[in-house]
Each structure stands twice: as structure tokens, then as C-alpha cells.
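As a plain string of letters, each chain reads:
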Amino acid sequence: MMSGTPRQPSDDRIAITGMGVLSPIGEGVEAFWSGLVNGVSGITTIERFPTHDLRVRRGGEIRQLRGIPGFERPLPPCRASQFLIHAATEATRMARLPEAVAAGGRVGVVIGSALGGIAEAERWHEQPADLHALAGASYDGPTRQLARWLDATGPVLTISTACASGATSLGLGADLLRTGAATAVVAGGMDVLCRFVMRGFNHLRSLTRDEVRPFDRRRKGLLLGEGAGVVVLERAQAARQRGITPCGYVLGYASCADGAHITAPDPQGRGLEQSIRLALANAGVRSEEIDFISAHGTGTPLNDRMETQVFKNVLGPRAYEVPVNSIKAHLGHTMGAAATLETIMCLLAWRYGQIPPTLNYGEPDPECDLPYVTGQAHTYRPRLSLNTAAGFGGCNACLVLAGGE
Amino acid sequence: MRQEAYRACNPQAGGVAVRGWGLLTGWGAGLQSLPTLPAGAMQAQRLLPVATPDLASERLRRATRECLLGVAAVQAALDHSCLAPHEVAGARTALVYASASSYAAANWTFVTSETENALHFPYTAPSAVPAEVTIQFGITGPYLTLLSGANAGIEALWQAATLLTTAQCDRALVLGVETFQECAELYTAGRWLLGTPLLEAAACLVLERHPSLAAVRYHAEWGARSLASLVAREREGALASVYLCTPTAHAGQVASQYLQTQWPAMSLVLLHERLGICLACAPLIALMLAVTAGQPDDVLLLSQWWDAWAMVRWPGLSAQTGH
Chain A
768 MMSGTPRQPS DDRIAITGMG VLSPIGEGVE AFWSGLVNGV SGITTIERFP
818 THDLRVRRGG EIRQLRGIPG FERPLPPCRA SQFLIHAATE ATRMARLPEA
868 VAAGGRVGVV IGSALGGIAE AERWHEQPAD LHALAGASYD GPTRQLARWL
918 DATGPVLTIS TACASGATSL GLGADLLRTG AATAVVAGGM DVLCRFVMRG
968 FNHLRSLTRD EVRPFDRRRK GLLLGEGAGV VVLERAQAAR QRGITPCGYV
1018 LGYASCADGA HITAPDPQGR GLEQSIRLAL ANAGVRSEEI DFISAHGTGT
1068 PLNDRMETQV FKNVLGPRAY EVPVNSIKAH LGHTMGAAAT LETIMCLLAW
1118 RYGQIPPTLN YGEPDPECDL PYVTGQAHTY RPRLSLNTAA GFGGCNACLV
1168 LAGGE
Chain B
287 MRQEAYRACN PQAGGVAVRG WGLLTGWGAG LQSLPTLPAG AMQAQRLLPV
337 ATPDLASERL RRATRECLLG VAAVQAALDH SCLAPHEVAG ARTALVYASA
387 SSYAAANWTF VTSETENALH FPYTAPSAVP AEVTIQFGIT GPYLTLLSGA
437 NAGIEALWQA ATLLTTAQCD RALVLGVETF QECAELYTAG RWLLGTPLLE
487 AAACLVLERH PSLAAVRYHA EWGARSLASL VAREREGALA SVYLCTPTAH
537 AGQVASQYLQ TQWPAMSLVL LHERLGICLA CAPLIALMLA VTAGQPDDVL
587 LLSQWWDAWA MVRWPGLSAQ TGH
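Taken in order, these protein sequences are the chains called A and B.
Numbering-wise, our numbering puts 1057 at position 290 of the first sequence, and it's gapless, one number per residue.
Numbering-wise, our numbering puts 367 at position 81 of the second sequence, and it's gapless, one number per residue.
Chain A with its partners taken away, still in its complex shape (with noise of 0.2 Å):
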């Protein structure tokens, strides 16, 4: 089942050409989307770090980094950077960015992240002799590392709309492209579990000791994950002389705010409407030709009644045929890592005709009454999605993508 065409003449088009997960649920691609569409929950009890303390003890928390097979150098210290590099590797070599960059290409890399280098202030805090931490403790050293491990040329931004920096990285690392100040960008999104993070959202009483029920009248909160997502953004144009076939397109973004509340999104949504009305014209796609939508959905009450609604107003009653999906289930919220992370699984879906479930679904909310995915996958092959996202501050984000044809 396939709707809408990108009416963007083709050259003009932000390319995805390679994609790299590391995930609660899988490390790599092919083991995320396996573990998406056969309804696999990465969320058990956390380990890396005491947190007998907290009123809850579960996220979704990557277990064993792999090596990296054909590098001999070693992996810095920092996880986040760790985590950012296993990602990007995948990613560059499905791009086969290596000979773009021997051709002359200037590569730059966008990070978002909730977190930064968090982590590395709380190791630094315990181990004051080590100023490596303390260097890696700022928001931009994962995006330094991973800079300096990708032999970087172009720009090296790293953005922070909290728990949408996945998206804003993005739409900025198409902005790059489209004026000329890379050639390519490694974009994307990360964020670890620490104490720190586990502490501040334990006091906000956001998490739930329940499962993660996105849009289900039972859901009473999120449970925080960790992983990245990253992809490489070229224009279509050069990809496609380098015979490279894209996994699919950023085709519009945009990112607007709240003005509403520090914490909790504005429970009108405006900014996340406006967010997804300025993504849209972005990418010279009318609303009728959505055919997917990857939510934010949290499984918190608020922010998954503010989205539907928000869905409702943009695509009418067209909104009642549209599937929409949230993986936040599978795998905890991954903050900054997240929006990047869905859009990978959009593209992916594209590709294998299929969308994943939304896991833990059972009891129908009637403010929330949309078509979600649930219990099984479903076949469907979505050409023009959308991937909206939230965070703190009033952050939202969304993207417009498509199917790589």
C-alpha cells in the first residue's frame, strides 16, 4: 500500500546513504529492525550502576558493546563517544563514505544530545585525577571524539533540543548541505544511562514501574533507554554519482518551541503542530500525503493525548486512516538518540513493507482513538512519514521523510 509523491525535483533532495544503530534491543541495523518488528523489549533491570536507591530500577540498557572489526585503534573511554563511533561506523560504511572523502569530500558531523558528556562529569567526580573525563565531560566532547575518529573536514556542530536532538541534527546537517558547507555530514543522536539522568527523572516522577504503554489508557509514564542513531546525509545528486542508492530522504524539518512550560509540552501542542505545518511546507508535501506517522509517543498521559490531537488538527479526518506507531516500548526513551533512531526505522520500513508494533498496547484510550500499529507488525510500505519529537524546555522537532527510490 503506497501513497503520495515527493513533488521535490530529485536533485535537490537531502539523501540518506548509510544508517548505524546501537540499540537496547540490537546492535547494527539488521538487529534493531529484527528486534522491532518481532516486538522485542530491551528493558530489564539496570546494571552498569547503583540504583537501589531509586523508586524505579529499569530502562533500556545496552548490556555488551561489540568491537569494531577493522580498526586497531582503541575506543576512547567516554561511552557516549563509544557508543557514537560503534553507530557512525556502520553508517559510514554503508555510505561508503571512506571514498568520499578521498575524492576530496568535506565531511561534517551534527550531534544532539540530552545528555552530552554527562557521564564523564560523574566518573571525573569519583576519579578527580583523570582529566580525560573532565575534557569529555562537556556536551560537545562525544562530537569531538567522534570528529577526530571519522578524520572530520567540515563543520563539527553539536545542537541540544533534549529529547528531540535527534531530529534537530538532522535538519541541520540537511542545512549544511543545501548551502554548501559539507559535502556530507554524519548526523545523528545519542545519549547513555547514568545515575545522573536516572536520579533527576526518579524526582519528576515521569517513570513508570509499570510497562511502557504508549497510547494505551493504562500507560502512567516512559522508562529511559540509551543507544544511537546515526545516519550519513548527502545530496541526491552526488550520491547518486557515486553509485550509491539512497535508503531514503529528509525531505523537510523544522524545529519550534513551546513557550509554555520548563518541563511538560504545552497540552495544546502548539509548538509540535507548528513544528510538523513548517516541516511540511519545508518539504513541499501537502498533509494529505502522509502516510505514516513515527510519534514521539512517550507513554506518559500528557504528551500522548497533546499528539494525537496535534495529528487530528494537522491531517483532519485524514488522521483516522494514517498508521501511527511509537517504539519508545522496545526501547525506553533514548533521549537525544530517539528521533534518529525513528527515523531510521521509517526508512526501514519503507524498505521491508513493514511497520513494527506498538508493544504493550491492550486497552483502547478514547482520547487517544488513532490507527496505532499494535500486536503485530503490519504490512504496509509507507513512502512519505512523519517523525515527530519532544523534550524539556518546550523542544519540538519534526522531520518529513521518505522511501529511498
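Here are the computed distance ranges between Cβ atoms for each label pair: (1) B/539 x A/1028: 42 to 48 Å; (2) B/346 x A/1084: 39 to 45 Å; (3) A/1004 x B/371: 43 to 49 Å; (4) A/1136 x B/348: 34 to 40 Å; (5) A/1010 x B/346: 52 to 58 Å.
Since the hints were derived computationally from the structure, they do not count as laboratory data.
Quick reminder that beta carbons are idealized off the backbone N, C-alpha and C, glycines included.
Since the structure of chain A is provided, determine the placement of chain B on it from the hints.
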């Protein structure tokens, strides 16, 4: 309808004008408080703190110092631009925030605190500063936080120019906040507090689209030869001045020596020598100084952070509308 929407978000001719600004630094309020010559007297100081603004707002009673500085800098910029707060409310004003350090105080306090405070955690997010600004002024337009160290200021100017010239907003606020006082021990451990002192600052520029100006040009490179590569790109066309913004005095000296060999006749302004180190705020202050100088030719704002150099070439400052 589709074509109209598409046109609305694609690059249009023209550039960006500076309508006004607000500035609070360890030297005082406003551009006039800054020293006019390299400030020898500051060498004995490690840090020039900025006073916490007294905003007398019940809503901001929990806000951190960096949030208050951000709100105060925006208010000062609106005053300087002769804009009422309601004129920036809504979806047609963008807020682009840049910082290298302002999140450190809240984060470090939360890492080290024995007593936990749920109200404190939201303020550890770097987006807390722009969030308080958007709430205070009702801004719901394009919104971004850049944290690429000292280069974030240059990137914020580029991104604001992009949002304006693609008509995604009608007005853009570029805000930078840098605070150091609460984490002085971190900067000491990282050897930041050697030589030129750190200057706390909150700086906000109000930018608007200006059809008759040339486009703002951005470029950035990473690697050992990135400065040389940027300089090679900018040889074409008349340049009035280069404003050099480096994160340490040593880096500034090395870069200025190189720039003097490449552009012997160029007017070179070393922000660190004149003001102190204010990281992402430095390019914003440099643009204020350039507009005030009213130079007819382009100015180049250059900044460095670790292995990266970034620049914006800002055209035709004599045509700017700065007050």
C-alpha cells in the same frame, strides 16, 4: 498551495540586518561598558563575573542565574531595538541559543549534590535558558540550542540567517550566555584560568531579513589546516576587519600571527585581549562592535574550538540598521 509553501521555505535573495542588541558582561551593561583598548588591568583577575539581574518576577523565582541572564539580555535587546515584547511573541520569531559553558553550573551542582531537589533537575538541561526566554516572551517560532563550544556563536548567526532568508521566521533572536563562577574549580582543573580571564556574558542580537544586503556566508572546517583553508576561501572581495574569537590567549596569539602574515594590512580585533574569554558570546559581541564601527566592507568573524575553526562573513555593515 503546494508551490506557495515550497517557495516560502526556499532561499530568497538578500541578507540579514542587525536591528539591535542587548549585552550584559562582567564589565557592565551595554556595549559602552566594554574597554576600548586591550584591558591590561584585568590580567590580575581570573574571572570577571556578571551580576545576577533582578527581574522581580514570581514566575522566575526558581530560575537559575544563567536563565535570568538570558531573559535580561533579550529584554535589553528588545529595548535597544525599540520592540515591545508582544512584537516578538508567536510563531514568526525564532530563538537560536548558543553556549559553551552555561549548563555547567546546574549540571555540576546536580552531580555533586547530596540533597536532591526535583525542581533543580529541569534546569540542568541546556534548553532551560532558551525555554525561560520563550515562556517569558511567548515565542513559539523556530527554536534551536547550539553547544559546539566557542564556535556555537558563529553557528547561531549562520542558523538565524538561514531561518530568515528561507522565510521560516520574520525575526530571529540570537542569544548567547556564558557563566563560569559556580564551576571555577572545574576551569581551574582544566587549566582554563591561566592567562586571560574568563568573562561572563549574556548577549542577544535581534536580526531581520534585509533584501538589499548580500547574503551572510558561513563556513567551518575541522583539522590541522582548517584556519589556513578558511583564510584561502576568503581572499576574494574587500574585507574591512577580522574579529578573532579564540578560547585561550595562546590560541589567539598563534592565530593572530598567522592572520597578520596572510593579511598584513588587515584590521584585526582580538576579542580575548580586549574583553577576556567569553566563548560563544564573543562572535555576538564582535558583530555588535562591527556594526557600531559602521565599516562599509564585509567583516569576518572567526572563532576556534579545539580542532575546529568557524567563520561568518557579514556583508555591508554600513547599511545595517543597528542603533
